[in-house]
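Protein chains: 4
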Amino acid sequence: MAIRAAVAGASGYAGGELLRLLLAHPEVEIGALTGNSNAGQPLAALQPHLLPLADRVLAPTGAEALAGHDVVFLALPHGQSAAVAEQLGDQVLVIDCGADFRLEDAADWEKFYGSPHAGTWPYGLPELPGARAALKGSRRVAVPGCYPTAVSLALFPAYAAGLVGPEAVIVAATGTSGAGKSPKPHLLGSEVMGSMSPYGVGGGHRHTPEMIQNLSTAAGERVSVSFTPTLAPMSRGILATCSAPAKPGVTAGALRAAYEKALGDEPFVHLLPEGQWPSTAAVYGSNTALLQVAHDEAVGRVIVISAIDNLTKGTAGGAVQSMNIALGLPEELGLSTIGVAP
Amino acid sequence: MAIRAAVAGASGYAGGELLRLLLAHPEVEIGALTGNSNAGQPLAALQPHLLPLADRVLAPTGAEALAGHDVVFLALPHGQSAAVAEQLGDQVLVIDCGADFRLEDAADWEKFYGSPHAGTWPYGLPELPGARAALKGSRRVAVPGCYPTAVSLALFPAYAAGLVGPEAVIVAATGTSGAGKSPKPHLLGSEVMGSMSPYGVGGGHRHTPEMIQNLSTAAGERVSVSFTPTLAPMSRGILATCSAPAKPGVTAGALRAAYEKALGDEPFVHLLPEGQWPSTAAVYGSNTALLQVAHDEAVGRVIVISAIDNLTKGTAGGAVQSMNIALGLPEELGLSTIGVAP
Amino acid sequence: MAIRAAVAGASGYAGGELLRLLLAHPEVEIGALTGNSNAGQPLAALQPHLLPLADRVLAPTGAEALAGHDVVFLALPHGQSAAVAEQLGDQVLVIDCGADFRLEDAADWEKFYGSPHAGTWPYGLPELPGARAALKGSRRVAVPGCYPTAVSLALFPAYAAGLVGPEAVIVAATGTSGAGKSPKPHLLGSEVMGSMSPYGVGGGHRHTPEMIQNLSTAAGERVSVSFTPTLAPMSRGILATCSAPAKPGVTAGALRAAYEKALGDEPFVHLLPEGQWPSTAAVYGSNTALLQVAHDEAVGRVIVISAIDNLTKGTAGGAVQSMNIALGLPEELGLSTIGVAP
Amino acid sequence: MAIRAAVAGASGYAGGELLRLLLAHPEVEIGALTGNSNAGQPLAALQPHLLPLADRVLAPTGAEALAGHDVVFLALPHGQSAAVAEQLGDQVLVIDCGADFRLEDAADWEKFYGSPHAGTWPYGLPELPGARAALKGSRRVAVPGCYPTAVSLALFPAYAAGLVGPEAVIVAATGTSGAGKSPKPHLLGSEVMGSMSPYGVGGGHRHTPEMIQNLSTAAGERVSVSFTPTLAPMSRGILATCSAPAKPGVTAGALRAAYEKALGDEPFVHLLPEGQWPSTAAVYGSNTALLQVAHDEAVGRVIVISAIDNLTKGTAGGAVQSMNIALGLPEELGLSTIGVAP
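One line per chain: the protein sequences are B, V, R and W, in this order. Reminder that position 114 of the first sequence reads as 114 in the numbering used here, one-by-one numbering, no gaps. Reminder that position 255 of the second sequence reads as 255 in the numbering used here, one-by-one numbering, no gaps. Reminder that position 82 of the third sequence reads as 82 in the numbering used here, one-by-one numbering, no gaps. Reminder that position 151 of the fourth sequence reads as 151 in the numbering used here, one-by-one numbering, no gaps.
Don't read these hints as lab results, they were simulated from the structure. Incorrect hints may have been included.
[To be verified] Taking lysine-lysine and the DSS-like style, the derived pairs with C-alpha atoms no more than 30 Å apart in a straight line are:
id	chain 1	residue 1	chain 2	residue 2
1	W	K181	V	K184
2	V	K111	R	K184
3	B	K181	R	K184
4	B	K247	W	K247
5	W	K181	V	K181
6	R	K181	B	K184
7	W	K111	B	K247
8	R	K247	B	K184
[Stated by the list, open to error] Derived DEER-like restraints, expressed as beta-carbon distance ranges:
id	chain 1	residue 1	chain 2	residue 2	range
9	B	D265	W	G249	42 to 52 Å
10	W	E297	B	S216	31 to 41 Å
11	R	P185	W	A63	54 to 64 Å
12	B	G249	R	P185	47 to 57 Å
13	V	P26	W	G275	14 to 24 Å
14	W	A63	V	P77	40 to 50 Å
15	B	G249	W	A67	50 to 60 Å
16	B	G130	R	H186	53 to 63 Å
17	B	G249	R	H186	36 to 46 Å
This one's a predicted model, so the numbers in the text were calculated from it and none came from an experiment. Glycine is no exception: its CB is placed at the ideal position from the N, C-alpha and C atoms.
Build the full structure now, drawing on both the sequences and the hints.
Printed below as a string of structure tokens:
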């Protein structure tokens, strides 16, 4: 018997990617699709790449449309998920791709988002220690942010193994789809093609406390994160360059061994062979995070590079992976480790 | 019992796309992978997006590696397919993604390729009238060129219905993957990003006689094709702008009706709703051709726009679709109409 | 004594390019800069590439700011130029980069723009026969559209020489800056990168009557134009593929000779050596139109390819060139034939 | 009387950019152009954007062609400059865009380049303390690497003012032109479009010792540099994200004041107004470095972002600026602070 899934926010980039993945999921039947300003429009006009759903029409987001499903994915602007989730009942699996339920610390939430904290749900990054247990059987999931996914997967093994000190420095490049589909001048093709630019420099990006939360948990001590996001001239992908001071005595061999041990059985996180480096092209449309590690002896730092597709592993793929775990399905069901390249 | 498939030329773009699709095909087991200059290398270094095949090592292209398969896909430089095919035996399904067996007219071949004609195999564009019958049970398939796929699908319904005159004018833009993976200065990222440029102007492109062949067959008379290909700053995709003089009395309604009739049951060719136009983004990685038609009354021309992914429907997807037909499998098996966007 | 120039619409792409060129013009002093929604903002925030003007603040568009200049460039949405121009007096050189005064035929204007015709000004494409004489001393100039610039320069020599028949077929690719800076979903970087898409197919693009006007004048008979514009994943540039039926007896040699004769003395239109084809990269930021011609004997068509920078020769460069002529300055003053590549 | 300038290596990207700038220099007359594999070809085929030089033919690189000039620019593969320079005589100003004479420490050279050290020439980054004095009247100039230009300009003021500790962490994104015009598979458009990828991770990039040299000199103590370069899908531009630990007591105000003081009179390095961040688009084709600084109090780091055009300020512009100083010309002559955008 199929799992009936609804998607709230089906006209945006996260919503479209959820639908792309759910269409390929053997156990899922796609139910209601909702939107706000686009309610009443057919998906053909909004997501022309999703041909099998071309004739589906968006309903207004709300309990009326979203009731009666086994799973409801929320791809809404932050601040809107709590109200919708409350209407859906405790038996429905609600998977929030927004930020509302990611942070454990209410003060962090209020500082970065300026509104009351809605709560904390089990965190949908199954690769983190303990995450799978919390997701299993849960009926609420907070999907991680795309940057925290790339960064946490890159650094948690080093922190968990005690190989690096607590001052992490992260510079990441993202494709423009991470900024959403709402048209703004700086996101115009004319502005982004041929250009790299930073934003949220100096600690202001809202994904920062989420990274700190994940890495501190792995380290067992407070980790600080200097995070600089940059906008790259591409639609999809995050390349995160993550580094931290190597603890005394760390060697390249020990580093690699720690990653092999931490990630060896992970279906969606892959440590590349030595000498090969991640690229976002290699994970385009796939649920894989590609990693490579280095030990720069001259400066005493560990450098880890990760590449993900921000819409797949960074959002919708992570959401589906969490759904599989929550519902007791095989974790890899409907998800691919094959990118579309070149 | 799985179909064992080998891919000769597995390090190139067409080879990589074949493998991407075959990995998703429920009846296929991937056998030998071969290359020339890259023989001995693992696929991890050559096609890093194909994670499930990372450890596979390329064998030298030849009968030794390719023997013992049910299907052998050839993604070789033109002129090399005949010799390989001869070694494989008549019971093996040989699907040639190269040009060698596409043309019926030996003189055309010799004029455009400057070498002796190798012969003609059943043509792997199933949507053309009569093509499915020829493919069914065949053990040899000539996969069409990417441009002829886009152009023939765009115009054959108009020619078959007798709505347009024989002087077609085609201007098409292609992504750079169509030019292959062999490094040449004009294909460098520095050269193609931010630039549009034409090539093979004035009738010299080798895909021209193939378009003429297909459209003339549909029209039942000799069609002439003015074809100008252009290189666009994108990796994948073909957008073909095709036009021909409208025959007297043709109306927009009759035009649309002819396309609906010709394409209504086609799983991989989709006439868009009125008012919506194809984009290559909407077919990125999918096996779909998107079409839209217009009748410009002021100039008396029919304009048809088609968008395909040159590597999928334009090469590897067409090859797999033809394999399905040749082997008596459901035609859509393992192929997707869902693009990866944005 | 410097020429004082004002730019109305200085926050947009055409306005920014005008300023870039005027900054390099040895006889021009930049006066008032105006905008509408951006009035009050410093140029640093709107055109960060124009460092020498960073501290200039936009005034509201209107006679108050624009009075007291020798030249006023209008880079406004169509329909707004007439009212502004009327306030400026007959002695001021007004150069309109909008569409309002381009068309000679009021019925064409009303059909394509749906509003009353404002009139016709001398046309700022100096290379067209008779255009320089009309521009000399004029105090009003209508700058051509970017597509008509590319297409008219490509085909007028063939029409003027009587080498081609009246049914022209044009397919052109443009960079996204041609669509302006006003944010719309289909112009987002996420949508345009990696994608080619058509628009205004079937005769609906507003630049069509302008092309017909120019080519018909050159031909001495009514020319029809089938025009299909496409949006390419690049910020700047137009590549126009233009063709028309060759008249009987036309040869490649005669064709080339006609272009050499028509363009031999032109500083900004360059017929490439045989065997070399235009690319938009080669004219990035330059005022040059690059051309190449071909005669496809097999189909009896002449094909002419032109490449321009839509913002330079296609808008602001053409405007400055016309200003030079109108004011009796050397036509090339302040304009460059050097592109920025790669 | 014009300065006669020759360019050795005129077919590459650095050579082309040198010619673009020299064409705009009012005191320079362009003399011999040389190449190796491209000797004998006209520049029209190699640098089609340099229309005024289209008919110039490349001579073989060597003393025969290069003799008799006032200035010779070398844009050669590293290791070749010394031999050419020796043949030119002490009175000729030789400006080497290669790496050969940049490093002061022979051991560094040998470690990173694996060949004997050729020597050290005055360093062509005039903004560094003491650099202008060394360049004045010199007849030898070593033009900095593109990354060291971006990074040194970003961090030298903080080090010179004693505001940051010695452990710098740099992540930079470069356009593909930095990798040159020699065709390699990973530089194909198909590979780089839509993809970010790192290289030389872990301390291996040859520009690292040059950064250490510059920053250590500014700091008056040994600075360590963790440097990760990444390849971005754009032709031009470097965006460098540079950070270092803030010294105790540093404030945002003190930081900004130090940069204003260090850079206030610099014509080509511009500290942006607060709230505005550099982008590579804003310096496309210009000789400007745009900077912005931030103090992340939560982590105790100073972050400085710089954007340059790798071919202009990062190579050819820096070379021309150094030429101006060496010859006693106004430093800004022939150089522009105006970018080409969008």
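Which hint numbers does the structure go against, in order from smallest to largest? 2, 8, 10, 13, 16 and 17
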